[in-house]
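Chains Y and W, in that order, give the protein sequences.
Just so you know, we're using the working numbering here: the first sequence kicks off at -17 and counts up by one.
Just so you know, we're using the working numbering here: the second sequence kicks off at -17 and counts up by one.
Bear in mind the hints are in silico, worked out from the structure with no lab data behind them.
One or more of the hints may lead you astray.
Any copy will do: because identical chains look the same in the list, a pair fits if it lies in one copy or spans two.
Claimed, not checked - DSS-like mimics (lysine-lysine), calculated; alpha carbons at most 27 Å apart, straight line:
id: 1; residue 1: Lys68; residue 2: Lys419
id: 2; residue 1: Lys419; residue 2: Lys484
id: 3; residue 1: Lys377; residue 2: Lys16
id: 4; residue 1: Lys92; residue 2: Lys413
id: 5; residue 1: Lys369; residue 2: Lys419
id: 6; residue 1: Lys281; residue 2: Lys145
id: 7; residue 1: Lys68; residue 2: Lys92
id: 8; residue 1: Lys68; residue 2: Lys16
2 protein chains.
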Amino acid sequence: MSYTSALFTSARYHTSREARDPNYRVLTPATINKSVLEAQYAVRGAIPLRAEELREKLESKGKDAGLPFEEIVSCNIGNPQQLDQKPLTFLRQISALTEYPDLISHPLSKDIFPSDALERARSLLEEIGSTGAYSHSMGVPSIRKRVANFIADRDGHAADPSKIYLTAGASAGVSNLLQLLISSPLDGVLIPIPQYPLYTAALALNAARPVPYFLNESAEWGLDIADVEKNIDKARHEGTNVKAMVVINPGNPTGNCLSLENMEDIVRVCYEHGLVLMADEVYQDNIYHPNRPFTSFKKVLKGMGAPYADNVELVSFHSISKGQTGECGRRGGYFEICNFSPEAEEQVYKLASIQLCPSLGGQIGVDVLVAPPQEGDPSYAQWREEKDGIARTLKHRSEVLVEAFRELEGVSCNEAEGAMYLFPTISLPPKAIAAAKAAGQSPDAFYSLRLLEATGICVVPGSGFGQQPGTWHFRTTFLAPGTEDYVRRLKKFHEEFMQEHKE
Amino acid sequence: MSYTSALFTSARYHTSREARDPNYRVLTPATINKSVLEAQYAVRGAIPLRAEELREKLESKGKDAGLPFEEIVSCNIGNPQQLDQKPLTFLRQISALTEYPDLISHPLSKDIFPSDALERARSLLEEIGSTGAYSHSMGVPSIRKRVANFIADRDGHAADPSKIYLTAGASAGVSNLLQLLISSPLDGVLIPIPQYPLYTAALALNAARPVPYFLNESAEWGLDIADVEKNIDKARHEGTNVKAMVVINPGNPTGNCLSLENMEDIVRVCYEHGLVLMADEVYQDNIYHPNRPFTSFKKVLKGMGAPYADNVELVSFHSISKGQTGECGRRGGYFEICNFSPEAEEQVYKLASIQLCPSLGGQIGVDVLVAPPQEGDPSYAQWREEKDGIARTLKHRSEVLVEAFRELEGVSCNEAEGAMYLFPTISLPPKAIAAAKAAGQSPDAFYSLRLLEATGICVVPGSGFGQQPGTWHFRTTFLAPGTEDYVRRLKKFHEEFMQEHKE
């Protein structure tokens, strides 16, 4: 068919290229998926974008950029290896060897790699075949078996590899589960406030209703179960079909570890109210207080016995991005489902199939996370030293920062019990709030942007996570090196800011 | 709060744990997202699942399994490295070196790795930092620059790194774009029939309407543009808001390359009818006929000049999973957007942000794909030999298979011009169709399942891809080694099957 006749054909029909305007676009704010338009993700939102601009300016112009700092300190995202955290050597050795199998048999390799790394890479490759092939959609079967052993050892309750899915990080798993769960715009999911904005973003993308429950800052960010139930009730009276409850433990952005009592209350509420319990446990290895150890929801659930243990639908998420592994760029994680109906399991499997499989590099990362070197292995001492060193550094940095925050006028801050974040409150003076309003910003965003412009420190305003109305926070990681310098810059800025906005 | 009071509290409210049945489940076919329930993905559907069962039986019992074959031949999925395709050495060397940077500076490394691999890994790490850190959500900026250079060299038209997104394979990119595009259950997307079932699955997950257009088997799987327009018109008369057109070129499952005339017609139709053109070009490097080279839609679009070149919204997808790279397990790819409105670009970026970033291993794979060794580089000869060897092998296997198919009673098959699949038609006798009906299967599924049970060869029935009503096909990859053996087994089965179902 010639060009002319094609035009002729289409001219006979209604076309969308309205009034033959060549500048017509199919995709505009009026036609793009509303759910996508409404989704927000503050961790990579306006302030981090501004930080990126400033970083590029510094890189291209250096001192001529005319900025009052020499580098951007990225405290907006838990990305340890972007900062100074070194990868765990054993994991990277396994990774290199499985990527280039000729290395394993190379005569020089025994002078470069420890024997257990060579042995582990060899046996992994026997199981996997090639890291360049799609695996089973749920992940390599033998890796899922080792994940099950890890969970069983951790919890003292059996775990079944056929209920374990390897994922491209925890976020991918959360998105899949929410997609499965949400069947109507009336469906709702309980989320903590403050929360990690992946949840509000994923709920927005699925056109579902977030049902907030508040964490109590004055009770170490624990929760009041009566308040949770009140919120369920309120949401149901408003016509929301509340189907699930998200719990982030250790908390993000709050850095708390839930008490056992809180956890049991949550399980009971999920049972009584018919909710799927979604336990985000990616920070389970970032623990700083001996009196607040990590306990998994699986362990709590199974320990509670009938009728909870075998009936509450639980999905728990873990990741290689956090902990001392910190391998965010590898995109690896897993989730375990408990007490799902066979029909629901089938759908979880189908969603995984459509996505083919998570990257083998991520899967191998999970394998090393759940089965690290053991005492007596050639790599054990180095692995132990690296892991403990990272844990010690993070704990130290968190303590220095908390102390510094507490010395600032109008700022209070809970200690970090877990995770890699602090979430201090700032009592902003009325003049600052008015200035924010005049600038069309929320007061915490106004403060955070001013902090960035003055010091190069990039944090995320509390409004990106949610906070009690009338309170203002920001989230900062404690991953950045040079904590003393961070504190000095922050202190100077804060004093000047408070001075400027004094009545 | 104690257990008793928690029970008491919840008893005051409506709860979903109906009639206190402890076996109540939140997630059931009645409550799970209907779109998920309805999605289908044949490539990993019933027949591949049955093949998996048979494989496990063979592995655990060997000859005692009592099966008439000794191994499963997986021809259901384009997964080259699951079969005998070796990874490209240069890619894997870069990968190993970037995973374990200590190797780069190790004194023994120059005896193991060629100097250009060491140099490339070193410069990549300077750009990336650590493969364990999240990158920019769109992908590492310098890799996107090299993708842009690759596109510009290929097409002779400029490409802009700020319009290029690295992805976790092409599927992830397609899913994101469709999620952005679909804003109502009345929205529709033109898809070829037959098609790769990712598209129907992704449309089902987004609750959108597939609008089919047929590829013409007797015209080398080309398309009749008047028929496409008729289908647009029909869909619009039925109330479907047709917003985009998917084209897979080279074709999957059809193995064809579109003519330039067809491609220009498609661009015109997208312009006239206001459609986003989604060009799945992942097989651009799997080309077998000198008279049917690959031409990108970008090149065609830009070559057509005004009003098309600067107005038709195009997104084109590429991947490291196919071609001679075949790195499916690494999950890497990219898409380039052209002529999107700034508002739409902003939303594409936001979706990428929420997903954090594709794996760095995948991104590095893309880097090697778009910037392989050049003539004169130490690695060039080996890279060239490996790449050409893979291409030759695939071409040979496709030719042997086509010839064999053409000799079978009632089977006809087009040659492969591109991709890694053949999609032969089978004229099944009425008795076979009746037997399929009695077994509750479609005739092509019945044939494919019988083929699997008799020979261990796993193919996907044509009904998984769509086909002209009343015709029956199956899709087979031509990746498997032992083509002669495949042919012998298939021939024996087919003759017996046709004999059995003779009138």
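Structure-based check of each hint:
no.	hint	in the structure
1	Lys68 x Lys419	neither (42 Å within a copy, 61 Å between copies)
2	Lys419 x Lys484	within (16 Å within a copy, 82 Å between copies)
3	Lys377 x Lys16	neither (42 Å within a copy, 46 Å between copies)
4	Lys92 x Lys413	neither (67 Å within a copy, 64 Å between copies)
5	Lys369 x Lys419	neither (46 Å within a copy, 61 Å between copies)
6	Lys281 x Lys145	within (16 Å within a copy, 47 Å between copies)
7	Lys68 x Lys92	both (23 Å within a copy, 24 Å between copies)
8	Lys68 x Lys16	neither (41 Å within a copy, 45 Å between copies)
Consistency with the previously given hints fails for numbers 1, 3, 4, 5, 8, ordered from lowest to highest.
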